[in-house]
Amino acid sequence: MTVPAQVQTTAPARSVQLHPLSRRIMHWINALAMFVMIGSGWRIYNFYPALPIHFGFPDYLTLGGDFTVTEAVSNEDGLANALLWHFAAMWVLVLNFLAYVIVGFVSGHFRRDFLPVSVGAFLRDFLDALRGRLDHRLGEYNAVQRVFYWGVLAAILVTILSGLSIWKPVQLQWLTALFGGYEFARVVHFFGMAAIVGFLVVHLALTALVPKTLVAMVVGRASETPHPRNGGQR
Amino acid sequence: MSRLVFERKPVVTVIERRLFLRQTLSLGALTLLTGCDISDNDSVQNVLKAMSWWNDRAQAFLFGHQTPVPTYAENDVVKDFRYNAFFPAADAPKLSAADYRLELSGLIANKRPWTVDQIYALPQESQITRHVCVEGWSMIGKWSGPRLSDFLQRVGADLSAKYVGFQCADGYYGSIDMPSALHPQTIMAVKFADEILPAKYGYPFKVRIPTKLGFKNPKWVTAIFVTNRYPGGFWEDRGYNWFSGS
Numbered sequence: 001m002t003v004p005a006q007v008q009t010t011a012p013a014r015s016v017q018l019h020p021l022s023r024r025i026m027h028w029i030n031a032l033a034m035f036v037m038i039g040s041g042w043r044i045y046n047f048y049p050a051l052p053i054h055f056g057f058p059d060y061l062t063l064g065g066d067f068t069v070t071e072a073v074s075n076e077d078g079l080a081n082a083l084l085w086h087f088a089a090m091w092v093l094v095l096n097f098l099a100y101v102i103v104g105f106v107s108g109h110f111r112r113d114f115l116p117v118s119v120g121a122f123l124r125d126f127l128d129a130l131r132g133r134l135d136h137r138l139g140e141y142n143a144v145q146r147v148f149y150w151g152v153l154a155a156i157l158v159t160i161l162s163g164l165s166i167w168k169p170v171q172l173q174w175l176t177a178l179f180g181g182y183e184f185a186r187v188v189h190f191f192g193m194a195a196i197v198g199f200l201v202v203h204l205a206l207t208a209l210v211p212k213t214l215v216a217m218v219v220g221r222a223s224e225t226p227h228p229r230n231g232g233q234r
Numbered sequence: 001m002s003r004l005v006f007e008r009k010p011v012v013t014v015i016e017r018r019l020f021l022r023q024t025l026s027l028g029a030l031t032l033l034t035g036c037d038i039s040d041n042d043s044v045q046n047v048l049k050a051m052s053w054w055n056d057r058a059q060a061f062l063f064g065h066q067t068p069v070p071t072y073a074e075n076d077v078v079k080d081f082r083y084n085a086f087f088p089a090a091d092a093p094k095l096s097a098a099d100y101r102l103e104l105s106g107l108i109a110n111k112r113p114w115t116v117d118q119i120y121a122l123p124q125e126s127q128i129t130r131h132v133c134v135e136g137w138s139m140i141g142k143w144s145g146p147r148l149s150d151f152l153q154r155v156g157a158d159l160s161a162k163y164v165g166f167q168c169a170d171g172y173y174g175s176i177d178m179p180s181a182l183h184p185q186t187i188m189a190v191k192f193a194d195e196i197l198p199a200k201y202g203y204p205f206k207v208r209i210p211t212k213l214g215f216k217n218p219k220w221v222t223a224i225f226v227t228n229r230y231p232g233g234f235w236e237d238r239g240y241n242w243f244s245g246s
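So the protein lines, in turn, are chains Z and X. Each residue of the first sequence is one higher than the one before, counting from 1 in the working numbering. Each residue of the second sequence is one higher than the one before, counting from 1 in the working numbering.
The following block holds chain Z by itself, in its conformation from the complex:
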């Protein structure tokens, strides 16, 4: 994902190319698929919670159709619809995730932007962030962000695999066994989702704090003084 040289050298407005088109498309496909998977997943969870504690998601936060209308149209109380959404969006989520990971490794995006990560750098940046001394530099990820991105990629992977294992506990029984059996795989699937949602809360909060990042994820570039350390070279 290198940017044509003239963009950096001849851009007086200091417009920085941040995200190539392919990454932006994959980001928004993922956002949509996640929205559907989480919303429908919450409703599916509500019908028979995997956790041993008394906990459910408010119905209005779940996805799968209005209960009364669904009952009237299909004589069904909203679980079938949620399942249809879940098993439709899973294809989009998984294929898009695979494409993103392959492109991420092959293009060097992961290596350039998410590496290196070290415990020391993470602690330093994390403490700086807590003290409010960590600047957001467009186009450069600090160590906390890097760790978060690796973390959410791992969480998505675990959620996909545990999801497959509860979808096909017979055909993919080796995978179900890997997650500690059918019942425990449901719990893993739940906490994988919880980790993704936790990431999303931070992700959206930071986007709200630095709205330029949202612009960059839509149009691909943003105008800002590039960080002196890399001079805008991506």
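For the record, the hints were derived by calculation from the structure and aren't laboratory data. Yeah, the Cβ is synthetic: ideal placement off N, Cα and C, and Gly gets one too. The reader is advised that the hints may include incorrect statements.
Derived SDA-like pairs (lysine to any residue); straight-line CA-CA distance at most 20 Å [as the list claims (entries may be wrong)]:
(1) Z/K168 with X/T129
(2) Z/K168 with X/G136
(3) X/K79 with X/I140
(4) Z/K168 with X/G214
(5) X/K49 with Z/S74
(6) Z/K168 with X/F63
(7) Z/K168 with X/V69
(8) X/K49 with Z/L172
(9) X/K191 with X/C168
(10) Z/K168 with X/F61
(11) X/K200 with X/G214
If you only want the chain X side, here are some residues facing chain Z, beta carbon under 10 Å, derived [to be verified]:
(12) P70
(13) L95
(14) R130
(15) W235
Covered stretches of chain X (chain Z as the covering partner; in silico rule of three or more C-beta atoms under 8 Å from a C-beta of chain Z) [claimed, not checked]:
(16) 217-231
(17) 236-244
Got chain Z; can you put chain X on it based on the hints?
Structure of chain X alone, referenced to chain Z:
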């Protein structure tokens, strides 16, 4: 389907209600278009149905004709197995062996009806497997009975046909793909936990298909047919995925 169990009304009144509600649907659809819920929109429903059809194909592809279903130990068996139907246990059909006849139709050479004793006389298999409900709960049970594949062969069913369908004494109906019907662990379960199958679990037999979700395992079966025309099913006609393999 716990939420469904106690709210379900008898099928006949439900159908009447559906016809009535079809006329009021446009009003419902209008209110939805203005709202934030797109789930009940017709074109969205068509996309979801197409994806469900695609998922049927994907699951048939994933299905291993001989893949053994994981089995468990005797002491894993849940004795007080959950009763599950769209009506309370007290309303479960109580069929008598004297009157019962299993009707056969469709692509079957010998359509002579079967008595309970004739079914009991077939060689039986036992299995301790996990029953997984579409809602997410699961329970380990022990079922015994003749293999459905043996039965289908014995009555001269066309094993190259696409579907095996079932009709039940409670008005329930369902269908499965032929490869799942011929899986060695798909049985006509006449026993649960080594006892004659009680009325609440589907006497005289339940088709136990451990490669499928619970609702694909019909109880109180009174008719079996073989066909190439998609027969649907009680929950499938209400939007649940047809193949529903596990």
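Comparing the hints with the structure gives:
no., hint, result
1, Z/K168 with X/T129, "holds, 14 Å"
2, Z/K168 with X/G136, "holds, 12 Å"
3, X/K79 with X/I140, "holds, 9 Å"
4, Z/K168 with X/G214, "holds, 13 Å"
5, X/K49 with Z/S74, "holds, 13 Å"
6, Z/K168 with X/F63, "holds, 9 Å"
7, Z/K168 with X/V69, "holds, 11 Å"
8, X/K49 with Z/L172, "violated, 25 Å"
9, X/K191 with X/C168, "holds, 17 Å"
10, Z/K168 with X/F61, "holds, 12 Å"
11, X/K200 with X/G214, "holds, 15 Å"
12, P70, "holds, 5 Å"
13, L95, "violated, 26 Å"
14, R130, "holds, 6 Å"
15, W235, "holds, 7 Å"
16, 217-231, "violated (count 0)"
17, 236-244, "holds (count 4)"
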